[in-house]
Amino acid sequence: MKIAILDDYQDAVRKLDCFQLLADHEVKVFNNTVRGLGQLASRLSEVDALVLIRERTRISSQLLDKLPHLRMISQTGKAGSHIDMAACTERGIAVLEGVGSPIAPAELTWALIMAAQRRIPQYVANLKQGAWQQSGLKTSALPPNFGLGQVLRGQTLGIWGYGKIGRLVAGYGKAFGMNVLIWGREHTREAAVADGYAVAESREALFEQSDVLSLHLRLHDDTRGIVTQDDLLRMKPTALFVNTSRAELLEENALIGALSHNRPGMVAIDVYESEPILQGYSLLRMENVICSPHIGYVEKESYELYFSAAFKNILAFDQGDTSSVANPEALQGGRRK
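Numbered according to UniProt numbering, the sequence shown terminates at residue 337, and the numbering increases by one at each position without gaps.
A hint or two may mislead.
[Unchecked claim] Straight line, CA to CA, 27 angstroms or less: simulated BS3-like cross-link-like pairs of lysine-lysine:
| # | residue 1 | residue 2 |
| --- | --- | --- |
| 1 | K28 | K15 |
| 2 | K78 | K28 |
| 3 | K2 | K28 |
| 4 | K66 | K28 |
| 5 | K164 | K174 |
| 6 | K15 | K312 |
| 7 | K78 | K66 |
| 8 | K138 | K78 |
| 9 | K312 | K28 |
Hints were generated in silico from the structure; no laboratory data involved. As the structure is a prediction and not an experimental result, all values here were calculated from the model.
Let the hints inform the model, and build the full structure from the sequences given.
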């Protein structure tokens, strides 16, 4: 079988233990991302199976039309809107779903919270320039002594979305002595209460009362653009907004617009509408914004978990096992030969 793996930025996949699962197959690993339809089609024109690393490349119907040999797409984690599922089904291409873990993204969320609240990236950057114990963050638009940072104990941690990741982050907040405040759909709020957490009186109250607000929602039609500029403007001038979920949960330009009005005081994000972001990206130029390069799931244990499942799904499907297929309708007309 000819297999392609896209967007392995750090050339890590070949060094994973699970890569040996593909030892009997012809595998090409691509380390850089290309956006052009022609470039992608050239890379993939001969492949039987395609492995996608999360949502790094969009699979469109136009691309699929140029891949006559493609029989399966094996997704690390769950398939999302980056794959035109209807187009795959129409062409008899099976989309194989893998597994995931909330641990790495929850820990990354907490690392960003800690780093932002103690201004660690700013202190480190200034130290490298020869400035001792200087965080910057002294503009008159920010509250007095904002650059000093603050402890988490006694602060209010707001969490919008109480799924697997949100639950872990709530637990971290509780362990650090924070007052945890949950918001979400009715069943979400009920689950939070059952776990002993307080629920915000309203969406508006969540933004107004939180010292740290972390977003943990799935992206779908109902949540796209759900966080507005007005929501962010309700936050305290000292508050921190964290997004390690999906950039598209925020309405377009909401974050830039709110920051131009000095609310919230600090932002930490790991996700972007278009990735990779470029050096001139507007939020990168703001000293009160911490940007990490979408590394919520990027660590060795998660990679072994994700890729082991993705590779095993390919091998199993090739032997007739369809248990991982997310679009079984694609098989009704027969798999591509």
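Check each numbered hint against the structure and report the violated ones by number, ascending. 8
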